[in-house]
Structures are given as structure tokens and as C-alpha cells.
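Produce the entire structure from the sequences given, and follow the hints as far as they go.
Going by my numbering, the sequence shown opens with residue 1, and the numbers climb by one from there.
Since the hints were made in silico from the structure, they are not lab data. These figures come from a predicted structure and were not determined experimentally. We treat Cβ as the ideally placed atom computed from N, Cα and C, and that holds for glycine. Certain hints may be false.
[What the hints assert, rightly or not] Under the rule of at most 20 Å between Cα atoms (straight-line distance), these lysine to any residue pairs were calculated in the SDA-like manner:
#: 1; residue 1: 223; residue 2: 150
#: 2; residue 1: 181; residue 2: 144
#: 3; residue 1: 181; residue 2: 193
#: 4; residue 1: 47; residue 2: 22
#: 5; residue 1: 181; residue 2: 134
#: 6; residue 1: 218; residue 2: 145
#: 7; residue 1: 223; residue 2: 239
#: 8; residue 1: 77; residue 2: 96
#: 9; residue 1: 47; residue 2: 16
#: 10; residue 1: 93; residue 2: 134
#: 11; residue 1: 47; residue 2: 33
#: 12; residue 1: 223; residue 2: 96
#: 13; residue 1: 218; residue 2: 207
#: 14; residue 1: 218; residue 2: 139
#: 15; residue 1: 216; residue 2: 140
#: 16; residue 1: 47; residue 2: 79
#: 17; residue 1: 77; residue 2: 252
#: 18; residue 1: 171; residue 2: 233
#: 19; residue 1: 47; residue 2: 67
#: 20; residue 1: 136; residue 2: 219
#: 21; residue 1: 47; residue 2: 86
#: 22; residue 1: 218; residue 2: 231
#: 23; residue 1: 181; residue 2: 122
#: 24; residue 1: 181; residue 2: 214
#: 25; residue 1: 47; residue 2: 96
#: 26; residue 1: 93; residue 2: 207
#: 27; residue 1: 218; residue 2: 199
#: 28; residue 1: 218; residue 2: 137
#: 29; residue 1: 216; residue 2: 142
#: 30; residue 1: 216; residue 2: 228
#: 31; residue 1: 47; residue 2: 72
#: 32; residue 1: 77; residue 2: 258
#: 33; residue 1: 218; residue 2: 228
#: 34; residue 1: 93; residue 2: 76
[Stated by the list, open to error] Label pairs and their in silico Cβ distance ranges:
#: 35; residue 1: 167; residue 2: 261; range: 28 to 36 Å
#: 36; residue 1: 218; residue 2: 161; range: 23 to 31 Å
#: 37; residue 1: 167; residue 2: 74; range: 37 to 45 Å
#: 38; residue 1: 254; residue 2: 182; range: 29 to 37 Å
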Amino acid sequence: MPSESNWLLLLSYDGTNYNGWQVQPNQPTIEGTLEEALLRLTGNIVKVHGSGRTDAGVHGLNQTATFSVVSGFSPEKWRLALNGVLPDDLVVKHVQQVPAAFHARHSSIGKRYRYLVCNLPYRSPFSRNKSWWVRKPLDLDAMREAASELTGRNDFSAFRAAGCSSPNPVKDLREILCDVKPWLHANLCLETEADSFLQHMVRIIVGTLVQVGTGKLKPQQMKGILESRDRVQAGPTAPAHGLYALCVRYPEGTVSWPEEVMNH
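Put into C-alpha cells, the structure is as follows:
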């Protein structure tokens, strides 16, 4: 009898109409939609394992997922077949076969997110559900100074959701960038990368940095907020619709994506 093959998907999706990643009864989700597509193609219930559980409204640029099936499909046939049954707001960009032990989440060594802010005195109708509109001018120098205080290996208890179930709040925040860079009708991009993230961690960091940018908080307060381990001390949780899962890092030599696929 043929053995199962393990497949890694590179995904892009508009999260506007989805209630997050994880399967939920009577709710459209990314995971559920992928599993429904695989059921249509294989006739079997196939479990999809995502690299992370994004919240409702969060988007994916290069999100990853794995699944195992018995099939004679080639990677390109899987890509074409899945895209033939998936809705237009969820696309498989690339497929590759990986070792049986490979797992989209557990095999990763880092994740990178991008957050978009539309920092204008008026709303942009084209950035609705795609970025966070912040009317007040932002002091980018102050935001960058504050971001530098957060990088490194720290306890991020002050920057996680109250219901976060992660047993370890210590994360290695490798980088935070705050750049004026027009993209998808927004004009400010914040990018951050870590070995892994706590629930809502990126959005709370962004909300806190925006408060620094508007003068409600000072960059020098970041260290105290970290040390407090108190969620109340940090800023608000930025809206989900400005967040994009940018890429997932894997050990060198295990996964290779075509550059033209990653950049589009």
C-alpha cells in the first residue's frame, strides 16, 4: 500500500471574511476552508497543520501549512488542484514535498509579521480592512527608539493577551522596523521578527509604539513596561486587519521558496 506524503503549502490570503485560522463550528476559517478543499479533492478527511493561529481579520502573505495524504499528485498538480476549488481570497502560491517529520509550526525557527498603518488626516477608502487608520501625526524617531528597547530576549508578559495560554512568555524579539513605505494604500510599515510570538503580541507592540508616536507614552517607559509583566501597562491592542503574516523561517537547507513567489 502506498505511504503518505507530507506536503508544505505556501499560502496567501485576505483574512477579512475569515474568523481566523483555527477551525470553528459554523464559521469560515482558513484551516477549515483548506480542509474542505482537500476533502473535495481526496474524498478523505485530511488534517491541515498551520504555522500559526492568526486571529479573525489577519491576513497572510506567506503563511505555511502542512498536510499528509496518500496521493500521486506532483507539487504543481497539488497547487493547481487546490486553487481550482479554493475561494478567490485564499491562494496556494507554492507546494513542495517535505520529510514526514516536518511540521509547519514545530519545525519553524522564526516568524516575521508586517503591520500597516495609514497615518493620514483622512481615511483611505482603499485601505479599509487592510490597515489601521491613525489620524494624529506619528513621531517615527520616538517609535524607533522605543522599539529598540523591546528587542532582545525578554519576558513579554505585558505584551500578551489576557487569555494567552503559552507556558513561556520569554521570546527572542530579533528586530522591529518602523519605516515610511507606501504599500497597499498605507504609508507606514512596522515589521517584527521573533523566534515565536505570544497571542496578540505583535498587535500590542504596535499599539504601544503608536502611543509612543502620538506622545502618550515615552520611549524610556518601554523597559519599565517590560519589567512590570503587566498587560495594563502596555498600549492598546492594534486592530487585527492591519496585520500580515509575512514569512516563516525554517532551518537552512530544509525549505527553499522561489524568490519570485515570496515577493508577490
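Outcome of the hint check:
1. 223 with 150: holds, 7 Å
2. 181 with 144: holds, 15 Å
3. 181 with 193: holds, 18 Å
4. 47 with 22: holds, 11 Å
5. 181 with 134: Measuring from Cα to Cα gives roughly 15 Å; hence the hint holds.
6. 218 with 145: Measuring from Cα to Cα gives roughly 9 Å; hence the hint holds.
7. 223 with 239: violated, 24 Å
8. 77 with 96: Holds - the C-alpha atoms of residue 96 and residue 77 are around 11 Å apart, at most 20 Å.
9. 47 with 16: Roughly 23 Å separates the two Cα atoms, so the pair is violated.
10. 93 with 134: Violated. Residue 93 to residue 134 sits at ~32 Å, over the 20 Å cutoff.
11. 47 with 33: Given pair residue 47, residue 33 holds - Cα atoms ~11 Å apart, limit 20 Å.
12. 223 with 96: violated, 43 Å
13. 218 with 207: Measuring from Cα to Cα gives roughly 13 Å; hence the hint holds.
14. 218 with 139: This hinted pair holds, its Cα atoms lying about 11 Å apart.
15. 216 with 140: Holds, because 14 Å separates the two Cα atoms, which is no more than 20 Å.
16. 47 with 79: holds, 17 Å
17. 77 with 252: Since the Cα atoms of residue 77 and residue 252 sit roughly 26 Å apart, the hinted pair is violated (cutoff 20 Å).
18. 171 with 233: holds, 19 Å
19. 47 with 67: holds, 6 Å
20. 136 with 219: holds, 18 Å
21. 47 with 86: With Cα atoms ~16 Å apart, residue 47 and residue 86 stay inside 20 Å; holds.
22. 218 with 231: holds, 17 Å
23. 181 with 122: holds, 18 Å
24. 181 with 214: holds, 19 Å
25. 47 with 96: holds, 17 Å
26. 93 with 207: violated, 31 Å
27. 218 with 199: violated, 24 Å
28. 218 with 137: It holds: about 15 Å lies between the C-alpha atoms, which stays within 20 Å.
29. 216 with 142: holds, 11 Å
30. 216 with 228: Roughly 18 Å between the alpha carbons, so the hint for residue 216 and residue 228 holds.
31. 47 with 72: Answer holds: residue 47 to residue 72 is near 18 Å, not above 20 Å.
32. 77 with 258: It holds: about 17 Å lies between the C-alpha atoms, which stays within 20 Å.
33. 218 with 228: Status holds; Cα separation ~16 Å.
34. 93 with 76: holds, 10 Å
35. 167 with 261: 28 to 36 Å: The hinted range 28 to 36 Å holds for residue 167 and residue 261, with Cβ atoms some 35 Å apart.
36. 218 with 161: 23 to 31 Å: 24 Å Cβ-Cβ, so the 23 to 31 Å window holds.
37. 167 with 74: 37 to 45 Å: At roughly 40 Å between Cβ atoms, residue 74 and residue 167 fall inside 37 to 45 Å, so the hint holds.
38. 254 with 182: 29 to 37 Å: Since residue 254 and residue 182 have Cβ atoms about 34 Å apart, the given range 29 to 37 Å holds.
The structure fails hints 7, 9, 10, 12, 17, 26, 27 (numbered hints given earlier, in ascending order).
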